[in-house]
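Numbering-wise, the sequence shown is residues -18 to -1, 1 to 239 according to mature numbering (1 follows the signal peptide of the UniProt record, and there is no 0).
Hints are not guaranteed to be accurate.
[To be verified] Pair ranges (Cβ atoms, derived):
no., residue 1, residue 2, range
1, Leu38, Gly60, 48 to 58 Å
2, Gln209, Thr181, 41 to 51 Å
3, Leu38, Lys103, 35 to 45 Å
4, Gln126, Asp230, 22 to 32 Å
5, Pro2, Arg151, 16 to 26 Å
6, His194, Gly171, 25 to 35 Å
7, Arg111, Ala222, 50 to 60 Å
8, Leu38, Arg151, 23 to 33 Å
9, Pro170, Asn133, 38 to 48 Å
[Claimed, not checked] DSS-like mimics (lysine-lysine), calculated; alpha carbons at most 25 Å apart, straight line:
no., residue 1, residue 2
10, Lys108, Lys21
11, Lys21, Lys51
12, Lys103, Lys146
13, Lys32, Lys51
14, Lys146, Lys108
15, Lys108, Lys32
16, Lys21, Lys32
In short, the hints are calculated from the structure, not lab data.
C-beta: ideal position from N, C-alpha, C; glycine also.
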Amino acid sequence: MARAWLLAVLLSCGAAQAAPAVRYCDYPVYPPISWSDGKQVRGLAPTVVKAVFASLGLDVEVVVLGNWKRCLMDAAQGRVDVVLAYRTPEREATLAFAEMPVLREEVAVFYNRQRPLQVDKLEDLKRYRGGLLFGESYGDAFDQIVARAGNIEWVSDSRQNFGKLIRGRIDFIPYERRTGLLYIEHLPGGGDLRALPLTLAVDHLRLAVSRHSPLAARMAEIDAELQRLTNSGEIERWLAESEATYRDMIVQPESRP
């Protein structure tokens, strides 16, 4: 009887250990939200995701793909469970979004001061060439203008995009203001880059779960934990720590920002 009980305990422990980890997809080019130190993904996003699912008793496996569009496609098709993204009607068809946001973000227009822009409203951007990362969206109004004007060049890497802005190959980059200002601080040639006072959009970064994932049935628990982390000040503290860590690290050359 004792041996049978022990065997049952060992089997149950083995089954618990064999439970698959939550697959979280990140494209780490948005410090302090997420970036790579060459060995692992760091920043606010992976910290929040790991904390939320730890509260549900689940481990997290971080998946890094070639561009942000790949992350969204894999989440839509159920190959990964979780991403952090802006909520749009198109994405809601395949992703369940938490109601409690992780972070409020302000989208600005970055430009090269050697080639100033005359922009007072969103429509004025149609006169200029812009750069975006594959899969990025900055709201329905912006997306519709981009589609109509056809003035956007798509790339997979932020360094490539900002490099094009520095060299004058494009005229502007829509980018989250906090992230963009931090990113160009130590970017070679970044001293000529500025952000317009114009705010393209104010949006919220949210935890989103693939509707193919069993985790989609646990959104109430996910929202409750996000609420707790927000109320306790943990998310705000992690954001400040992420900014400080990135500034400390970027002083030394890294293989990938």
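Taking the hints in turn, this is what the structure says about them:
One distance hint, 48 to 58 Å for the beta-carbon pair Leu38 and Gly60, is violated here, with the actual separation near 19 Å. In this structure the hint that Gln209 and Thr181 lie 41 to 51 Å apart at CB is violated, the actual value being about 27 Å. Taking the beta carbon of each, Leu38 and Lys103 are about 44 Å apart, inside 35 to 45 Å as hinted. For Gln126 and Asp230, the Cβ-Cβ distance of about 41 Å falls outside the hinted range of 22 to 32 Å, so the restraint is violated.
Checked against the given bound of 16 to 26 Å, the beta carbons of Pro2 and Arg151, roughly 44 Å apart, lie outside it. Between His194 and Gly171 the CB atoms are about 43 Å apart, so this pair departs from the stated range of 25 to 35 Å. Range check, Arg111 to Ala222: Cβ separation about 35 Å, and the 50 to 60 Å hint is violated. Between Leu38 and Arg151 the C-beta distance comes to about 45 Å, which lies outside the given range of 23 to 33 Å.
Against the hinted window of 38 to 48 Å, the Cβ-Cβ separation of Pro170 and Asn133 comes to about 26 Å, which falls outside the hint. Between Lys108 and Lys21 the alpha-carbon distance is near 40 Å, which puts this suggested pair outside the 25 Å criterion. A hinted pair counts as satisfied when its Cα atoms are at most 25 Å apart, and Lys21 with Lys51 qualifies at roughly 22 Å. Between Lys103 and Lys146, the direct Cα distance comes to roughly 23 Å. Compliance with the 25 Å bound is thereby established for this hinted pair.
Between Lys32 and Lys51 the CA atoms are separated by roughly 22 Å; this keeps the pair inside 25 Å, and the hint holds. With a C-alpha separation of about 18 Å, the suggested pairing of Lys146 with Lys108 holds against the 25 Å cut-off. At most 25 Å may separate the alpha-carbon atoms for a hinted pair to count; Lys108 and Lys32 exceed this at roughly 40 Å. Between Lys21 and Lys32, the direct Cα distance comes to roughly 17 Å. Compliance with the 25 Å bound is thereby established for this hinted pair.
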